[in-house]
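Enquirer: Here is how the chains run, residue by residue.
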Amino acid sequence: MNTEAQNIEAQTFVESWDNNKLAMLLFLLSEGTFFAFLIIAYVYYHAVSNTGVEAAKVLDPLKTGIYTIFLLSSSFTVWIAEKSLRRGNQRAFRGWLLVTIILGAVFLFGQGSEYLHLYGQDVTISRNIFGTSFFTLTGFHGFHVLLGLISLAVLFVLALKGEFAEKHSSAVETVALYWHFVDWVWVVIFSVIYLWTVF
Amino acid sequence: MSDIPFPGAGEALPLAGPQEKTAGLLGWISSVDHKRIGIMYLLAALIYFGAGGIEALLMRIQLAEPVNSFLSPGVFDQIFTMHGTTMIFLVAMPVLTGLANYLVPLMIGASDVAFPRLNALSLWLLVFGGVLLYFSFIAGGAPAAGWFNYAPLSEKAYSTTKGVDYYSLGLLAAGIGSVVAAINLIVTILKYRAPGLSIKRLPLFIWMVLVTQILILLALPALNASLVMILIDRTLSAHFFLPFSGGSAVLWQHYFWAFGHPEVYIVILPAFGMISEVIPVFSRKPIYGYEYVAASTVAIGVLSFLVWAHHMFAVGLGHSIDSMFAISSLLIAVPTGVKIFNWIATMWHGSIRFTTSMLFATGFLVVFTVGGLSGVSLAVFPVDWQVTDTYYLVAHLHYVLFGGTIFGVFAGLYYWFPKMTGRMLDEKLGKWHFWTTLIGFNMTFFVMHILGLMGMTRRVYTYPNYPGWGTLNMISTIGAVIMGISSLIFIWNVMVSRRRGKLAGDNPWEAWSLEWATTSPPPVHNFDRIPPIRSRRPLWDLAHPENPDWKNEH
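Residue numbers (my numbering), protein chains in the order written: chain Y, 25 to 223; chain X, 458 to 1011.
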C-alpha cells in the first residue's frame, strides 16, 4: 500500500506539469545544447586563433550593453504580463505584452545596426575566423529573438481578440518560457563576446 | 476469470470500424495516428534499407577480387558515404523511432502520443530529409567525404560538388525531426501512462526508449550545430573548419563525435529494449533483475557522453586524454555486460520457445557480444592505433550495428508484426530468413577482422593482390549476397503474411504487457478498457488471478 501511495504521489507531480510547458522545457534543453556548441566554438577560436584582439577592436560593448538592458528587461515585463493575466487584469496583460514586444524589437534593431556598422568596416562572416564565429553565434541568437517576437505578436493579436479569458493560459506560459530562454542565452553570449573584450 | 471482456480474434471492437474513415493513400499520408505514422516510419526505413543494401552490394562486388574496376574510385567514395549515412540516419534511427511510435502509446495504455500533429511533422521531415540526401545523385554527385564528413575534406575546396550541401541539409531536416519526435515521446511517456503504470512498472522497452530520447535531445544538437557550421563554411565562405585561415579541422571531429558516440547508443538502446521484451516472453519467465537492466541503461546513457574521443585516438590528442577516454570507454562494457548476463539469466531454466523472434534475440546475444568484445579491444588505444581505419573497425561496427540493432529489430518485428497487422509472419520463411541472415552476416563480417589485422584499409576502392586477401574478400562478398537474399526472404514474408498469414488474435505469444490487451490491429483509439495495472505484468495478473505478480512483490 505504501508503494501504491508513493506511485500516486509521483504521478501527480508529473501531471502538474502542463504538456506544452514540458515539451517547451525539453525543446529548450535541446536548444541550450545547440547554443552551447556555438558558444564553445567561439571560445575555442578566441583561445586558439586569438580572435579576441579583433573583437576588442571592432565591437562596442557599451552600445550593445544598452541594447542588452532592453532585452533583459523584456524578460521582466513578460513575467509581469503573465502575472497580470493570472490576476485577471486583461488590460495590463495586453499592455505588458506589447511592452515586451517593443523591448525585444529594440534589441533586434540594435543588433541590425551593429551588423550594418560592422559590414561598413568590412567585418563579415567570410573575412576571417572572428567574423565567422561572431556572426554565426549572434546571428542564431537574433534569429531566435525574431521567432520569439513572432510568437509574442501572435499572442498579442489573440489577446486583442479576447482569446485569453481564462486566468491560466498554457500558450502564454509556454511562449514566456521560450522568451526567458532567449534572454538568458544572451547573457552568456554577451559575457563571452563583449565583456571578454573589456576584462 | 478476468473482469474485462476482451474480444476474440477477428472480432472488432465497437469503435474500430467507423473511425477509420480516411482509407487509401490520402488517409495514410494525412494521418496523425501514431500507429499509421509508426508503420510509415517502418516503410520509409525499409525503402532506405533497400537503397543502403544495394550500395553495400555494389561495394562488395567491387571488392570481390583484387584490382577490380567495377566501380571507379570516385563512385566508390560516394557509395560508401551514402551507405553509412543511409544506414545510420535513414534506416537505424527511423526503424527504431517507428517502432517506438507504434508501441509507446500501446504499451503505456494511451490512445496516442502527446502531440499527434508534431508526430506527423517528425515523420515527413525524416522522409524529405532522405529525399534531399538522395537528390544529390542527380544534382552533380553524392557526398563523398564519409558518413562522418571529416573537414577539411568536406569543405568547398575539396568537395566541389553539391553533395556535402545536400548531406548537411538532408541530415538537418532528419535531425530536427528526431528532436521533435524525442520531445513528443518523452512527454508521452511522462504524462500519458495508464493509472497504476508507475515508472518502476514500465516495460523495459519503454525505459530504453525514454533514455534514448533523452540522448537524442542532447546529442542531436551537436550534429545540427556541426552541420550548420559546415554549411556556413561552404555557402558563405566562412572559416570554421579551415585550418589555414584560423579554423580547426579537429573541432569538427570533436563536435561530430560528441554527437556520434551517443548516436551509437541511440541506435542500440531501443534494440536492447526489444530484446528485453522478447526474451522473457519466449522464456516464460519475468526478466531477471529488472532494476539492473533499467539502471544499466541509464548508466550507458550517461557514459555515452564521456567517450567520444575514442574515435580520435589517431589524431594525437596526447597520452593523458587518450587514457581518460580509454578508461571511460572500457567502463561502458560494465553496464552492457550487466544486460547480457541478465538476458542469459532470464533464459536460464526457462521453457524456451524458439520462434523466429526468439532466434533473432538469441542470435543477437551471440553476435552482439562478439562486437562488444572487439569494441573493448579498440578502446585500448595502442590496439586502436594499430588497426585504425582498417577492416577490423568495419567488422566491429557491423557486429554491433547489424548484429545488435538489426538483429534486435528483426526480433521485435517478428514479435510485434501480429499486433500491427492481425496476422502472424510465416515461421518457416522466418527460419529461412534467420539462418540466411546469421550465416551471411558472419561470412561477410567475420573475415573482415582478419583482413583488418592483416592491414587492409577501409574506404579504398581496391586492394593489391596479397596472399589470402582475394579469397577472404570473396568469402565476404558471397556472404553479402546471402544477406541480400535473406532480406528478400523477409520482404516476401511480410508481403505474403500481411494478406494470408495465420490470424494472430489479441495475444498470440501469451505476452504480459498492455499492447496485447487490445485487438490486433488495435482500433484507432487503441483501448476500450485498460486492465488494472498492479505489477509489471498486468496481463499475467489477469490470466492468473490465483497467483498474480503483485502478491509476490514486497
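It should be emphasised that the hints constitute simulated quantities derived from the structure, not laboratory data.
Fair warning: there could be bad hints in the mix.
Claimed, not checked - Cross-link-like lysine to any residue pairs, in silico, SDA-like; alpha carbons within 25 Å at most:
hint, chain 1, residue 1, chain 2, residue 2
1, Y, K107, Y, I126
2, X, K648, Y, L46
3, X, K613, Y, Y143
4, Y, K81, Y, G134
5, Y, K45, Y, L170
6, X, K619, Y, F164
7, Y, K45, X, L647
8, Y, K107, Y, S194
9, X, K657, Y, T148
10, Y, K45, Y, H204
11, Y, K185, Y, L171
12, Y, K45, X, A630
13, X, K648, Y, L201
14, Y, K45, Y, R118
15, Y, K191, X, K648
16, X, K1008, X, P989
17, Y, K45, X, P989
18, X, K648, Y, I126
19, X, K613, Y, K107
20, Y, K45, X, D569
Unchecked claim - Covered by chain X, per the in silico footprint, the following chain Y stretches (three or more residues, Cβ under 8 Å):
hint, stretch
21, 56-67
22, 116-127
Just so it is clear, CB atoms sit at the ideal spot from N, CA and C, and this is done for glycine as well.
Enquirer: Determine for every hint whether it applies to the structure shown.
Expert: Hint check:
1. Between Y:K107 and Y:I126 the CA atoms are separated by roughly 19 Å; this keeps the pair inside 25 Å, and the hint holds.
2. With a C-alpha separation of about 10 Å, the suggested pairing of X:K648 with Y:L46 holds against the 25 Å cut-off.
3. For the suggested pair X:K613 and Y:Y143, the alpha carbons sit about 24 Å apart, so the restraint of at most 25 Å is met.
4. A threshold of 25 Å between alpha carbons decides the hint, and for Y:K81 with Y:G134 the separation of about 19 Å falls inside it, so the pair holds.
5. Proximity of Y:K45 to Y:L170 is assessed by CA-CA distance (about 20 Å); at most 25 Å being required, the pair is judged to hold.
6. This hinted pair checks out: X:K619 and Y:F164 have alpha carbons roughly 24 Å apart, not beyond 25 Å.
7. Restraint check: the Cα-Cα separation between Y:K45 and X:L647 comes to about 13 Å, which is no more than 25 Å; the hinted pair holds.
8. Of the supplied pair hints, the one linking Y:K107 and Y:S194 holds, its CA atoms being roughly 13 Å apart against a limit of 25 Å.
9. Between X:K657 and Y:T148 the alpha-carbon distance is near 54 Å, which puts this suggested pair outside the 25 Å criterion.
10. Annotation: proposed proximity of Y:K45 to Y:H204 holds, straight-line Cα distance about 13 Å (limit 25 Å).
11. Of the pairs offered as hints, the one joining Y:K185 and Y:L171 holds, with about 21 Å between alpha carbons and a cut-off of 25 Å not exceeded.
12. For the hint linking Y:K45 to X:A630, the alpha-carbon distance of about 24 Å falls within 25 Å, and the restraint holds.
13. A hinted pair counts as satisfied when its Cα atoms are at most 25 Å apart, and X:K648 with Y:L201 qualifies at roughly 20 Å.
14. Taking the CA atoms of Y:K45 and Y:R118, the gap is about 21 Å. The hint holds against a cut of 25 Å.
15. Taking the CA atoms of Y:K191 and X:K648, the gap is near 23 Å; set against the 25 Å cutoff, the hint holds.
16. Proposed proximity of X:K1008 and X:P989 is supported: the alpha carbons are some 14 Å apart, at most 25 Å.
17. Between the alpha carbons of Y:K45 and X:P989 the distance comes to roughly 30 Å, so the proposed pair goes past 25 Å and is violated.
18. Between X:K648 and Y:I126, the direct Cα distance comes to roughly 36 Å. Violation of the 25 Å bound is thereby established for this hinted pair.
19. Restraint check: the Cα-Cα separation between X:K613 and Y:K107 comes to about 52 Å, which exceeds 25 Å; the hinted pair is violated.
20. With a CA separation close to 19 Å, the supplied pair Y:K45 and X:D569 stays within the 25 Å bound.
21. Remark: the stretch 56-67 of chain Y is confirmed as covered by chain X, as 6 of its residues place a Cβ nearer than 8 Å to a Cβ of that chain, reaching the required three.
22. Look at the stretch 116-127 of chain Y against chain X: 0 of its residues bring a Cβ nearer than 8 Å to a Cβ of that chain, fewer than three, so the hint is violated.
The earlier numbered hints that this structure contradicts are 9, 17, 18, 19, 22.
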